[in-house]
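Trainee: The listed protein sequences derive, respectively, from chains A and B.
Here the first sequence stands for residues 45 to 380, numbered as in the working numbering.
Here the second sequence stands for residues 152 to 490, numbered as in the working numbering.
These aren't lab readings, by the way, just hints derived from the structure by calculation.
Please note that a few of the clues may not be correct.
[As the list claims (entries may be wrong)] What the simulated footprint calls covered on chain A by chain B, stretch by stretch (three residues with Cβ under 8 Å from a Cβ of chain B suffice, anywhere in the stretch; the number is not a length):
1. 164-177
2. 208-220
[What the hints assert, rightly or not] Stretch by stretch, here's where chain A covers chain B in the computed footprint (C-beta under 8 Å, at least three residues):
3. 178-185
4. 215-221
5. 345-352
6. 439-449
Note that the Cβ used here is the ideal one computed from N, Cα and C, for glycine as well.
The residues making up each chain are set out below.
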Amino acid sequence: MTLLAAGQARAQGAASRRDPGTDLPATPKLEVTDEAGRRVNVPQPVRRIVSLAPSLTETVYALGAQERLVGVTDYCDYPPEAQMKPKVGGTINPNLEQVVALRPDLVLATRALNRRETVEALEHLGIAAYATDPRSVEGVLVSTARLAEVIGAGERGEALAANLRARLAELKRLLSGRPARRVLFVVWSDPLVSIGRGTFLADALRWAGAESVVDSSQDWPRLALEEVVHLQPEYLVFASSHSEEVERDFEALRERPGWRSLEAVRQRRMAVISDAVNRPSPRLVDAIEQLARQLHPDAFETKPENRSPGVGTRGGTGPDEEFESDEREEACACAR
Amino acid sequence: MRPLTLRRLLWICGTLSLVLLAVVVAALKLGAVPISVSDLVLSLGRVAIGRSDQLPSEYRLIVFELRLPRILLGILVGAALSVSGAGFQALLRNPLADPYVLGVSSGAALGAILSLIASPHLPLLTPVAAFAGAALTIAAVYFLGRRKGQLDGGTLLLAGIITASFLSAVIMFLMTTLSSRDYRGMAFWQMGDLSTPLAEGLRWVFVLVLIVAGGAIYTTAADLNLLLTGEREAMHLGVHVTRVKLVVYLAASILTGMAVSVSGAIGYVGLLAPHLMRMLFGSDYRLLIPTSALGGAIIVVLADTLARTIVAPTELPVGAMTAMVGAPVFIYLLRRGLQ
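From just these sequences and the hints, can you work out the full model?
Mentor: Laid out in structure tokens, this is it:
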């Protein structure tokens, strides 16, 4: 699927790609279909990018295209230097004036966070806006590779997707034969909000050797505590960049009626993973590995000689640092 | 009441139009991206002499493609809400009537949401459904607000507020249960927002409807003056009460439905503008309707300019601005009425 889309894009782009130095009306365009099914004419080469979602900002960094990123949202906090980029407001209501003033060749949006009206308004202003809509872990990989192709970082995108895919395959091998842990993914504890079956988060849990006890058709179902008491999940999973805070909150939950009737709460069976899991970006795989290690520690402890080099070391200590150390250095080298 | 001459009407409306123009120019200048006065004058001048193609493309996009359409939308919405507010106030003989307070805006929003769920690809259906929602809501509030066959001011307001809260709950239910990915968010329908430009095709429909429905209310202005003294008295003076009420009821519902379908439920404008104009120029409906239209336009453009700029580049919903001013005024008027 990736190859197909990429191949198509390349075929259409090849004829029109020439002379990157001019900014005349006759700028070559690459016609692509985005993940919302819209036709988008992307000026080539893409030199100025505005991202309208944290996951897209992360993806652009992971693709080594951060030099071309000229605008981000107020919520784009990873990697930390992304916060230094010019801001265009929130995700639901970005300031279109600010976007226009940044003279982007391409604006990146995502259906889960941005509104259709924003994308339509940009289109109306003659600004190319490309929307992604990943709904599974595989979808994130495909989406990343496609996006890479659109911004002219195709090789980098394929390498990144291949690397992520290899890590997922390794994870699958390690976890094979182990029964999935029944978990409750806590998006918010008061009121209790969890995830529905159609989200990429539910899929991420499956990759980490877990399954959500909640099976809702809504994306962010609000749950009654009694239902959770009835379901008795084996683990509670929290996503946060501040694990101490979660532990404090967890201690508070132990005192509260309802929560204290949960076996998982009484036995302190909880997993805290990076909030990267909330974002459909390449870092999602870090969070999946992190969760798998906490839910199935025995799968990782034994037989260390079986792990393939460069794969098994990831995800255990802190995905942020790892991203810093290898991914981004490569990215910088690439951009220069 | 001072006698109304054509001269006085034109003078007052002319002055208000100039105020509106000044507000529009200020709104064109202010925004997240700073634009100097000289640049603005220069670009306005270039457009005036038909040389808009010489403008730098960012300025053209920001001033003429983003700010101007939004300001024009604000003018249309402000005028529509204020005229319908003035209409409801006469119809219900209650100075506190406002499409938002009475739940009419929520009814229109619910209608619009239902139409978006039923068929998202018929752009004209949304305002029509919003009108139906508005008309049904005001009818319901009207009948709920009666006690012993008489329209009772306090009961009417209570009926309106409770209807609004009921309808908001239904909207909340729909937005939560249906996959809301592609619909505008809750904040839009409950607080109002002008950031989405009007679809090209709807622009002229909206202007036309504003003129026709506003004009229809205006034709009843002399009768509305008499109606203020009481229905029976007006009837004795030869006013066709049922016809007048029907015209105002339908036209005011159309205006509210139209406004809500494109900008969500912006509150209190229909209360603020007519009251301000009454204080300034008296309560003659022949003067009140056009001045309310202009005043409402001024208020919404001002409020939206504030909403765009005070925490830029983040935007606030315009309804938050109008409610921050409108709700205290509402309380003040309510308490004054009680004494």
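Trainee: Hint by hint, note whether the structure agrees.
Mentor: Hints, verified against the model:
1. 164-177: holds (count 4)
2. 208-220: Violated, because only 0 residues of the stretch 208-220 of chain A bring their Cβ atoms closer than 8 Å to Cβ atoms of chain B.
3. 178-185: holds (count 3)
4. 215-221: holds (count 3)
5. 345-352: holds (count 3)
6. 439-449: Since 0 is below three, the answer is violated.
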